[in-house]
Structure formats: structure tokens, C-alpha cells
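With chain A fixed as given, assemble chain B onto it according to the hints.
If you read the protein sequences in the order shown, they are chains A and B.
Numbered according to the numbering used here, the first sequence terminates at residue 235, and the numbering increases by one at each position without gaps.
Numbered according to the numbering used here, the second sequence terminates at residue 353, and the numbering increases by one at each position without gaps.
Some hints here could point you the wrong way.
[As the list claims (entries may be wrong)] Derived CB-CB ranges, DEER-like:
no., chain 1, residue 1, chain 2, residue 2, range
1, B, Q294, A, T233, 39 to 49 Å
2, A, E223, B, N304, 15 to 25 Å
3, B, E289, A, Q175, 41 to 51 Å
4, A, T134, B, S279, 18 to 28 Å
5, B, L321, A, P129, 24 to 34 Å
6, A, D184, B, D318, 25 to 35 Å
7, A, E177, B, K292, 33 to 43 Å
8, A, G137, B, S317, 43 to 53 Å
[What the hints assert, rightly or not] Below, a sample of chain A positions facing chain B; criterion: calculated Cβ distance under 7 Å:
no., residue
9, Q162
10, P164
11, F166
12, Y169
13, F186
14, P217
15, Y222
16, P228
These aren't lab readings, by the way, just hints derived from the structure by calculation.
Even glycine gets a Cβ: it sits at the ideal position worked out from N, Cα and C.
Residue-level listing of the chains:
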Amino acid sequence: DTGVSQDPRHKITKRGQNVTFRCDPISEHNRLYWYRQTLGQGPEFLTYFQNEAQLEKSRLLSDRFSAERPKGSFSTLEIQRTEQGDSAMYLCASSPRQVPYEQYFGPGTRLTVT
Amino acid sequence: AQTVTQSQPEMSVQEAETVTLSCTYDTSESDYYLFWYKQPPSRQMILVIRQEAYKQQNATENRFSVNFQKAAKSFSLKISDSQLGDAAMYFCAYSPPGGGADGLTFGKGTHLIIQP
Chain A
122 DTGVSQDPRH
132 KITKRGQNVT
142 FRCDPISEHN
152 RLYWYRQTLG
162 QGPEFLTYFQ
172 NEAQLEKSRL
182 LSDRFSAERP
192 KGSFSTLEIQ
202 RTEQGDSAMY
212 LCASSPRQVP
222 YEQYFGPGTR
232 LTVT
Chain B
238 AQTVTQSQPE
248 MSVQEAETVT
258 LSCTYDTSES
268 DYYLFWYKQP
278 PSRQMILVIR
288 QEAYKQQNAT
298 ENRFSVNFQK
308 AAKSFSLKIS
318 DSQLGDAAMY
328 FCAYSPPGGG
338 ADGLTFGKGT
348 HLIIQP
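With the rest of the complex left out, here is chain A (with noise of 0.2 Å):
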């Protein structure tokens, strides 16, 4: 049991680009979810996957944020047309079937949008 990995730890990029994260789950967790976290606050939830079907996303997550998950395994966020505002901290956290509502987060992808 490797732990949550995500990928890249840092990314600063220009505001107007796209920007793609990755996230590793604990092998033989079903259950992926995103979150945000910006300076002072603790995560809000962005969106959720059972195995490979995206089964929830926040109305914090507007038409420029996607994500999927292919196979249910890995999953990658993708946020289009980057904004000052997207500058945050992205969390990944994965739970298993037996125990659902158990969590284990990655270490997060900080954004900087300049």
C-alpha cells in the first residue's frame, strides 16, 4: 500500500492556459474524490467517482474543470481557460469499498495561476 500519489506536487502556469493533474488512488479503492483547498480553509469537495463513473460534482466545479477516470483506476482533472481565482491547492483522497466514508488523501497539486 503505496498511499495517494498526485502528480505534479507544483504547477504555475499563465492565466488563460490548460492545466492537467494526475491522481494515483490506493490499489483496489473504488471510491476517488477532488477536492479544493485555498489558503485559510479546509477542502471543499469538486467531484466524486465510483470505479470509473463520475457520480457527483459540486456547483463549484464549472464548465472549465473536467475530470475523469478511466478504467477506475488513475484519474486526471483538467481545468481549461485557467483564472487567478483557480489558485489553490487539489487534493485527491480515495476510500475503500468495505469502508466508504473512510478517506485517505494525497499530498495535493499546489496551482499557481500568475
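Positioned in the frame of chain A, the structure of chain B alone reads:
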């Protein structure tokens, strides 16, 4: 919608002393889960302790214990024998039963400072 409130932005405690972090929540559900997560500086979120709402007994994990008051919707974390490594942001979080499609709902966090 569920809400989680942490009213203490920052707490400070002397090493080896005991500190209690407060959390209140609001929900119309009768079955749910509550968590305390620890987020050290520049490090990932770690699950500290979990409480099932249907259990009357308060959860305990080594030096960490909770005081769960369901009627008052209160869920505080007590850290005994504080250590320097306990310094971190602590987040209280709520989950509906079954994990829920809305993920975890977090409070804004309490910054815990450990003074040597």
C-alpha cells in the same frame, strides 16, 4: 446541507500538556460519521480519529480522544501529552452514511501550536 464549524482559528499548548479542539456541526441525518484530520505544514492530510454517530462510546486512538455529544452536535478532540509533532492544522469533517456522493464536509480548521 451539512455544515461544520470550528470556532478556534488557533490554539497554543505547552509540550506535554493537554489541549481540546472544538467542533460543532449541523445535520438533519441521524446516522453519519465524524472525523478529525491532521494536516502538517506542507504535508498531506492524515486521518487522526473517526466516530460513528450510532456509537455512544467516544473513540480513542492512543493520545487522541473525542467527546461526542450527539444531541448538542458537538465533536471535540482532546490531545493528551502534546508533542512537538502534533503541531499542524486540524480539520473536523462530516460524512453522511455510506460515504456519500458529496464527499466530506470540512470545517475551516484550527491551527495548533505546540510550545516547547
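For each hint, the structure was consulted:
{"no.": "1", "hint": "Q294(B) <-> T233(A): 39 to 49 Å", "in the structure": "45 Å, holds"}
{"no.": "2", "hint": "E223(A) <-> N304(B): 15 to 25 Å", "in the structure": "21 Å, holds"}
{"no.": "3", "hint": "E289(B) <-> Q175(A): 41 to 51 Å", "in the structure": "28 Å, violated"}
{"no.": "4", "hint": "T134(A) <-> S279(B): 18 to 28 Å", "in the structure": "20 Å, holds"}
{"no.": "5", "hint": "L321(B) <-> P129(A): 24 to 34 Å", "in the structure": "30 Å, holds"}
{"no.": "6", "hint": "D184(A) <-> D318(B): 25 to 35 Å", "in the structure": "50 Å, violated"}
{"no.": "7", "hint": "E177(A) <-> K292(B): 33 to 43 Å", "in the structure": "27 Å, violated"}
{"no.": "8", "hint": "G137(A) <-> S317(B): 43 to 53 Å", "in the structure": "51 Å, holds"}
{"no.": "9", "hint": "Q162", "in the structure": "6 Å, holds"}
{"no.": "10", "hint": "P164", "in the structure": "5 Å, holds"}
{"no.": "11", "hint": "F166", "in the structure": "4 Å, holds"}
{"no.": "12", "hint": "Y169", "in the structure": "6 Å, holds"}
{"no.": "13", "hint": "F186", "in the structure": "15 Å, violated"}
{"no.": "14", "hint": "P217", "in the structure": "10 Å, violated"}
{"no.": "15", "hint": "Y222", "in the structure": "4 Å, holds"}
{"no.": "16", "hint": "P228", "in the structure": "4 Å, holds"}
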